[in-house]
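Heads up: the sequence lines are chains A and B, in that order. So for the first sequence, numbering that gives the first Met the number 0 puts the first residue at 0; every next one is plus one. So for the second sequence, numbering that gives the first Met the number 0 puts the first residue at 0; every next one is plus one.
Some hints here could point you the wrong way.
[Said to hold, decoys possible] Cross-link-like lysine-lysine pairs, in silico, BS3-like; alpha carbons within 30 Å at most:
(1) Lys-37/A / Lys-14/B
(2) Lys-14/B / Lys-261/A
(3) Lys-443/A / Lys-261/A
(4) Lys-379/A / Lys-37/A
(5) Lys-277/A / Lys-98/A
(6) Lys-316/A / Lys-98/A
(7) Lys-562/A / Lys-14/B
(8) Lys-14/B / Lys-98/A
(9) Lys-530/A / Lys-379/A
(10) Lys-98/A / Lys-455/A
(11) Lys-443/A / Lys-455/A
(12) Lys-455/A / Lys-261/A
Honestly, the hints are just simulated from the structure, not real lab data.
Now for the letters of each chain:
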Amino acid sequence: MRPLDWYVLIGTLLFVVLYGMWRSRGSRSMNQYVLAGKTMPWWAVAFSIMATQASAITFISTTGQAYVDGMRFVQVYFGLPLAMVILSATAVPIFHRAKVYTAYEYLEQRFDARTRALVSVIFLIQRGLSNGIALCATGIVLTLILGWPDHIAILIMGSLAILYTTTGGAKAVTWTEFPQLIIMMLGLVAALATAVWLFPGDVSFLDAVAVAGAAGKLKSVVFSFDWNDRYNFWSGLLGGMFLALAYFGCDQSQVQRYLTGKSIAQSRLSLMFNGVAKVPMQFLILFIGAIVFAFYHFEPPPLLFQRADLARIQAAKAEYTPVAERYDAAFVERRQAAREIIDARRQGDPEARARGAERYRRAQGDFEAARGEAIALTRKINGGRDYNDANYIFLTFVTRYLPAGVVGLIMAAIFGAAMSTISSEINSLATVTVIDLYQRHFKKDAPEGHYLKVAKWATVFWGAWAMVTAELGKNLGALIEVVNIVGSLFYGGLLGVFVLAFFFQRVGGTAAFLGVIAGEAAIFATAGLTKVSFLWYNVIGCLVVIGTALAVSVVENRLRWGKAA
Amino acid sequence: MAGNDGLEPPPLLGKWGRVYTAVLGWLAALIVLFLLFQREFAP
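Kindly produce the complete structure, drawing on both the sequences and the hints.
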């Protein structure tokens, strides 16, 4: 990073933190600390919801996902607008009317304290794990790319997020997320614009898109159905809807965001905004990954994007040299094939296009084969350890090619994205710890100031926990997938119990409690014993919770009738 | 879902049911656009 990048990065981070602390001054009651006094306008809540969801992983990993696997990942978000509509019509008015601080508090009103405690603990485990993975992994990637000492990025992001979240609570979280999302969007647009500008003079934007299309990277809708295929239209629409229903309806880190809304209408509008903006935003991020892929047809990409592993295989000269030579030759052939595609497209000649596409397919196959050899060599040198550099692709591109100032802006966007997610999550983890566990089970009638103090200490604890668990994020592959997989292991159970609470009025506490346990067991069995895509875990878990609870309810009723008779 | 559930109406379109229909229509339009886009640049 050059001096201008540092000015942009430090200036932006300071502005965001000070702005959040200034806007949240005077949060002295639990209502203000946890729900911002329910004073937030819909647009601030909407930005907060989107910024919470868009973590640093969204930048780092989603772009890499498009580079490696194309844009079909966007289908995961097809179910989100449906979920926003369902939650707006159901959960939002129910939570507002119940006057709860947390979604789990409502479960005690509806079922019993046992179910509330179980679901709260499931949330703490799931969110505590995801938060750690997200923060550490982001820090590790930044550390490797920027060449900083270990864990510096983690410490900076974690400490700043703890600082303003502890002092200002939900209000600080919401107000900092507003500029953070704007910086994220500016960073994305700057990355796309400069990528296009960096193409050779005779390669236009549409030419670049055509090259990405020739490699199949622009395929974003796949209608063929396969249970084991992670990303197709059906798994995205149905599985993605269940994932979004669980995330926005049962995960306190999101529920708390829209509960800060001034009214039911303001909360609903914030969800509607998310339903409208999320899919195009993800499309844009994936599209940037596809354009970076096209860019690397005219500039040679590194054989491996993880510099440390590249250095390791370079040291094994006898094996490395032939692989590198094949890779270089394949790059030259692929570049020529890409130019043939561009020329054929300009001429509008279908036969030339078909010939170009065929040549490109062969060249791309050779190119991937050469890289595959390098990956196999890396695995061999690393003692069989799996290798995945999808998370390094975008940042390698940014730090190598983008001009001074733009790099700083993108780094600020990544730091901001990480901090916005961490702050929302530690805020919600602290809220559940205090409201659902500490106040409910350990100290019931303490003064408000006591709970506020405990909430602040809980915020510091969960922030520190995230930093300590950072190591878990190493070598986990495409992190956006990992976070979604971890979420899906728990969300099905949570979603099932809320569906019971909202729509099955005759189901009682014992049935709901046993239903959640059965649902979680079913999800872990599916994950451990089958290859079913993680998007289906939410559907399976939810249905098992409902089925089990209904069966237990029938048994309970029969026993009751038996006794009565 | 179709009406206002006795709640504050939305600032646009008058009823929440219409807002929901517009959001779902937007999703359908996006999917069609993505399909057209991928078809235009298919290999």
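Structure-based check of each hint:
1. At roughly 23 Å between alpha-carbon atoms, Lys-37/A and Lys-14/B fall within 30 Å of each other, so this suggested pair holds.
2. Distance hint between Lys-14/B and Lys-261/A is fulfilled; the C-alpha atoms sit about 19 Å from each other, no more than 30 Å.
3. Restraint check for Lys-443/A and Lys-261/A: the C-alpha separation of about 28 Å stays at or below 30 Å, so the hint holds.
4. Distance check on the hinted pair: Lys-379/A and Lys-37/A sit about 56 Å apart at the alpha-carbon level, beyond 30 Å; violated.
5. Simply put, Lys-277/A and Lys-98/A have alpha-carbon atoms about 28 Å apart, close enough for the 30 Å limit, and the pair holds.
6. The hinted pair formed by Lys-316/A and Lys-98/A fails the criterion: a straight-line CA distance of about 67 Å is larger than 30 Å.
7. For the proposed pair Lys-562/A and Lys-14/B, the alpha carbon gap of about 50 Å is over 30 Å, so the pair is violated.
8. Taking the CA atoms of Lys-14/B and Lys-98/A, the gap is about 24 Å. The hint holds against a cut of 30 Å.
9. As the CA atoms of Lys-530/A and Lys-379/A are separated by approximately 26 Å, the hinted pair is consistent with the 30 Å bound.
10. Between Lys-98/A and Lys-455/A the alpha-carbon distance is near 22 Å, which keeps this suggested pair within the 30 Å criterion.
11. The suggested pairing of Lys-443/A with Lys-455/A holds, with an alpha-carbon distance near 18 Å, which does not exceed 30 Å.
12. The suggested pairing of Lys-455/A with Lys-261/A holds, with an alpha-carbon distance near 24 Å, which does not exceed 30 Å.
The structure fails hints 4, 6 and 7 (numbered hints given earlier, in ascending order).
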